[in-house]
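Engineer: Chain by chain, the residues:
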Amino acid sequence: MSRIQTTFATLKQQGKTALVPYITAGDPHPNHTVNLMHTLVKFGADMIELGVPFSDPMADGPVIQRASERALKHKVGLTAVLQMVKDFRAVDQKTPIILMGYANPIEAIGAKAFADRAKAADVDGVITVDYPPEECADYVQELRSRDIDPIFLLSPTTEPSRVDLIVKQASGFVYYVSLKGVTGAANLDINEVSGRVADIRKKTNLPVGVGFGIRDAATAKATAAIADAVVVGSRIVTTIESSTDENLLSNVAALMTELKTAVDAAKQ
Amino acid sequence: MQLYDMPDVRGHFGQFGGTFVAETLVEALDELRVMYEKYRHDPVFLAEYAYDLKHFVGRPSPIYHAKRLSDKVGGAQIYLKREDLNHTGAHKINNTIGQALLAKRMGKPRVIAETGAGQHGVATATIAARMGLECVVYMGSEDIKRQAPNVFRMKLLGATVVPVESGSKTLKDALNEAMRDWVTNVHNTFYIIGTVAGPHPYPMMVRDFQAIIGIEAKQQMQEMVGRQPDAVVACVGGGSNAMGIFYPYIDVPNVRLIGVEAAGHGLETGMHAAPLTTNSPVGVLHGNRTYLMQDNDGNIIETHSVSAGLDYPGVGPEHAWLKDIKRAEYVAITDDEAMAAFHNLCRTEGIIPALESSHALAYAEKMAKTMRKDEIILVNLSGRGDKDINTVAKLANITL
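So the sequence lines, in the order shown, correspond to chains A and B.
For the first sequence, the positions run 332 to 599 when our numbering is used.
For the second sequence, the positions run 14 to 413 when our numbering is used.
To be clear, the hints were calculated from the coordinates, so they are not data collected in a lab.
You may find that some hints are simply not true.
In the DSSO-like style, the derived pairs of lysine-lysine whose C-alpha atoms are separated by at most 30 Å in a straight line are [as the list claims (entries may be wrong)]:
#1 K343(A) <-> K417(A)
#2 K182(B) <-> K336(B)
#3 K80(B) <-> K67(B)
#4 K231(B) <-> K407(B)
#5 K51(B) <-> K443(A)
#6 K386(B) <-> K80(B)
#7 K591(A) <-> K533(A)
#8 K182(B) <-> K407(B)
#9 K231(B) <-> K404(A)
#10 K407(B) <-> K339(B)
#11 K347(A) <-> K598(A)
#12 K231(B) <-> K406(A)
#13 K339(B) <-> K443(A)
#14 K425(A) <-> K406(A)
#15 K386(B) <-> K406(A)
#16 K182(B) <-> K404(A)
#17 K499(A) <-> K425(A)
#18 K417(A) <-> K404(A)
DEER-style ranges, computed between Cβ atoms [unchecked claim]:
#19 G526(A) <-> N309(B): 42 to 48 Å
#20 P393(A) <-> F69(B): 54 to 60 Å
#21 K499(A) <-> V57(B): 50 to 56 Å
Predicted model, so just to flag it, every value in this text is computed and none were measured.
Ideal Cβ placement from N, Cα and C applies to all residues, glycine included.
Taking the hints into account, I'd like the entire structure generated from these sequences.
Structural biologist: Structure (structure tokens):
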């Protein structure tokens, strides 16, 4: 069983929802990233979504765009990100790491070479924002043959017939984007999300994660009640952005504690 | 018999093109694809498009024999397809009319656009005013500085111009920002992409709406000189004016198709916008797979050209395909060469060309010298240079 599957299975037994924080690798500085990852785990992360910086993050709002730009100033690209995962694994062999990024850095290496290197770094899952399933059958095959989960997004506008297509390609979990727009855009409508998640569950046994627009304890709690994983991105990146070198880890720890309490309270 | 039949149903030109977008945009593109398929051969739709091209744009645009230029250069005869005479001053309006008519049929009251030189922004603002649509144009803050007259025109036409401060603050970043707007406002918004890039169906649709250039040219050349040109030359940034004039010629044998990219400060300096000429690696950006200027990590690198309209790190996927199948050739012209051609056309023919089109002119001059006097080069003069006066004044030390 993959780390992602194991994590979901354990949480299910405990009646809990996974808390999945997102950070952009290399933000605010590459020296911080591995420490930040350990802090996220220490304060409640069940998995980590690690953003691969990209020059043209089309699906991201201004908060994560700025994080990407900060990381790119320090020349943090896919190769550096994979090294960070390796460094993290030297200490933590348990927490699943999911890379989230865009197609072109993978295209630059090639699908097969990327899958090899991701495996060597012990990556568990990959979300490639601009690879819809129709365009990446070979890539998905390369990942799955190495037990790396290709994780796909579903959106409020995804037609039911496409949900069928996507869940067939996906493994690990499926990621429901809870609003129309870019990351960090607005507050989600929990009733609408609830209905959509229920529809998705009719089509797949894969766990369903929900993200985009979860910005505080209240929305995290409401989302945790209906999802198997709650992904929090822009809110964490905002905290990183407004922190100094001195209070970065403590600020992130405080936010994580708040979110973890909220998520754990959801199903009790 | 139609020999050339690209792209496939999912928008692929061989390995190029496609639909590389986030899931949040898939439905919108599906809707657009279905609507475009429905109307692209619809006689009523096409009649409306033709009416506006004739009465609003002033088409057909003439072909002009640049005789004094040809004599001065010495060699082949240079003919100009006068897209600079179109309403709004460039070929861009051909496409915006088509897409705006589609927006109307799809019931979208708001249109958005990205723009580099500002020509597509002006063309979108113009047709939005003409059809009573709300219009928002995204433009890199660097481009706003160098294309001030066009920013002013867009504002006069009632459009909102949004400066884009992210990334390199140029065309590619404007495109990113327009995509972000679209994904957020897709229920009431139509995204009018200005070039033959973006996800399917845009490269095909924009090509089809620009193909009027080549369709007219074929007929006009036949009438004027009784034959087709030996070579068709057009500048390539994203590549819409080139695709528009090339497309109807793809199946015509013995007509060389030559796309001219921006060599900026020189290909050897790395400061250029010539992904095809330099054999850049293939990658994915803005929804399609194509040749892309990028670093080893797959991040897009900053490009340079004196002309904002060519300052783009990728190129339309159909150009990538035409290069690979060797149906078109791609070359590059430096800023200095383009500037020289710019001044040359001003002084010998009384035509002020856009800096983008000056790249095509510069290459045509080079080629003409190597050809016989009875050979013919047709240059797509894609736009007029009024918008570039500030840039040229600065470079040529002319006091305004």
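Engineer: Next step is simple, just say for each hint if it's right about the structure.
Structural biologist: A quick look at each hint next to the structure:
1. About 28 Å separates the Cα atoms of K343(A) and K417(A), which keeps this hinted pair within 30 Å; it holds.
2. At most 30 Å may separate the alpha-carbon atoms for a hinted pair to count; K182(B) and K336(B) meet this at roughly 29 Å.
3. The straight-line distance between the Cα atoms of K80(B) and K67(B) is roughly 27 Å, inside the 30 Å bound, and the hint therefore holds.
4. Distance restraint check for K231(B) and K407(B): the Cα-Cα separation of roughly 38 Å exceeds the 30 Å cut-off, and the hinted pair is therefore not satisfied.
5. This hinted pair does not check out: K51(B) and K443(A) have alpha carbons roughly 39 Å apart, beyond 30 Å.
6. With a CA separation close to 11 Å, the supplied pair K386(B) and K80(B) stays within the 30 Å bound.
7. For the suggested pair K591(A) and K533(A), the alpha carbons sit about 28 Å apart, so the restraint of at most 30 Å is met.
8. Taken as a hint, the K182(B) and K407(B) pair is honoured in the structure, with Cα atoms around 21 Å apart against an allowance of 30 Å.
9. In summary, the hint linking K231(B) to K404(A) is not supported, as the alpha carbons are separated by about 50 Å, beyond the 30 Å threshold.
10. Pair hint K407(B) plus K339(B) does not hold up; C-alpha atoms about 39 Å apart against a cutoff of 30 Å.
11. Restraint check: the Cα-Cα separation between K347(A) and K598(A) comes to about 7 Å, which is no more than 30 Å; the hinted pair holds.
12. Simply put, K231(B) and K406(A) have alpha-carbon atoms about 50 Å apart, too far for the 30 Å limit, and the pair is violated.
13. Only pairs whose Cα atoms come within 30 Å are accepted, and K339(B) paired with K443(A) is accepted, the gap being roughly 29 Å.
14. With a C-alpha separation of about 28 Å, the suggested pairing of K425(A) with K406(A) holds against the 30 Å cut-off.
15. At most 30 Å may separate the alpha-carbon atoms for a hinted pair to count; K386(B) and K406(A) exceed this at roughly 54 Å.
16. At roughly 16 Å between alpha-carbon atoms, K182(B) and K404(A) fall within 30 Å of each other, so this suggested pair holds.
17. Taking the CA atoms of K499(A) and K425(A), the gap is near 27 Å; set against the 30 Å cutoff, the hint holds.
18. For the proposed pair K417(A) and K404(A), the alpha carbon gap of about 22 Å is at most 30 Å, so the pair holds.
19. Checked against the hint of 42 to 48 Å, the C-beta distance between G526(A) and N309(B) comes to roughly 45 Å, which is consistent with it.
20. Hint check: P393(A) to F69(B), Cβ distance near 38 Å, so the stated range 54 to 60 Å is violated.
21. The given range of 50 to 56 Å is broken by K499(A) and V57(B), whose C-beta atoms sit roughly 41 Å from each other.
Of the hints listed earlier, those the structure fails to meet are numbers 4, 5, 9, 10, 12, 15, 20, 21, in rising order.
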